[in-house]
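J.: From first to last, the protein sequence lines stand for chains A and B.
FYI, the numbering for the first sequence is 873 to 1145, going by this note's numbering.
FYI, the numbering for the second sequence is 3 to 101, going by this note's numbering.
Be aware that one or more of the hints could be misleading.
Claimed, not checked - Which residues of chain A face chain B? A partial, calculated answer using Cβ under 10 Å:
| no. | residue |
| --- | --- |
| 1 | Ser923 |
| 2 | Phe926 |
| 3 | Gly1002 |
| 4 | Ile1031 |
| 5 | Thr1046 |
| 6 | Arg1063 |
| 7 | Phe1066 |
It should be emphasised that the hints constitute simulated quantities derived from the structure, not laboratory data.
Note that beta-carbon positions come from the ideal geometry of N, C-alpha and C, so glycine has one too.
Residues per chain are reported as follows:
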Amino acid sequence: MTGWDTAGTLGLLAAESVRTSTGEAIQFWVLGAVAVAGALGVVFATKAVYSAIFLATTMIVLAVFYVAQGALFLGVVQVVVYTGAVMMLFLFVLMLIGVDSSDSLKETLRGQRFAAGLIGIGFGVLLIAGIGSATVAVTAGATEPYALASDSNSAIESIAELIFVRYLWAFELTGALLIAATLGAMVLAHRERFGPRLTQKELSKARFRSGVNLTPLPSPGVYARHNAVDVPARLPDGSPSDLSVNAILAARTLRRPGDRRPAGEDRPGSDRR
Amino acid sequence: MNPENYLYLSALLFTIGASGVLLRRNAIVVFMCIELMLNAANLAFVTFARMTQSFDGQVIAFFTMVVAAAEVVVGLAIIMTIFRSRRSASVDDADLLKR
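Isolated chain A, as found in the complex (with noise of 0.2 Å):
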């Protein structure tokens, strides 16, 4: 940091001539091989609750990044409202979805991923080569120095002075986004209950109207190898039964109601739960 601030007030501003502290250094390389794992952590882990602690992992870093830098008010905002209220929320959804929402790993389109990895690499070949090629210009650019984290209050008034002065404007926009971002949160997430709750009376009278299940639905687990929830129950003629299990069970192992398991998932031995 202090490296830096010397060099700008020195006039040095040759590309080669900037430099950060050693600290900054060490800090850099060990805090950025922990971002990109992370990161490719996010992409290639198969639960979707380990990309969310990936993900978390590299916003912390990120935050330390920012604060290492001079935006220590921006360090903080991220750990508030990213690793605080964003992946707290990512998680909420989750929980609600299903944990276990895993992929499934079948490509629909063949040579998807082949080229989607391709398309990729190519691209980040070409942001990495697009920065390399133009950085001097931006580095000669630098030509008013001032404390970056030595004296963070003042920091904090010019972003307090530019958010509330030169940026006003685009500030109440935000606060506007932001109620109409909850106001359709809300529009989307509200059920409209169409009719009345029914009772238990009602609901025994319909379900002998129709006619389909009279009697209560078998429970699952009888006369199968295990007594699981998710393990259909066995009809007569050996043959799992469908009604047995509940439906969301169904969906959320990736089963289709009239999928028959293989037979060697079945047997005692197996770790299935």
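Knowing the structure of chain A, use the given hints to seat chain B on it.
T.: Same frame as chain A, now just chain B:
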């Protein structure tokens, strides 16, 4: 170390996020990858603010965070609505227009 390295890291994170959007099919993971891309862009903004020695980059990053928060709220509500009608969070299952 040159401060430009932060820009390279930002580009790398953005690329990983973009590849994740293309590779994954769980809608929530796709959404997390979008958040990763937004964060990478924020890192670039903060680095530019430091390089040009002005606070405008930090203010832009701040506005990005606010807009991202609003976007997360609406996006997750949409994902929940789709899950409610389709019983699946896979982006392949939202294909009503194809039928």
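J.: Which earlier hints can't be squared with this structure?
T.: Failing hint: just 7.
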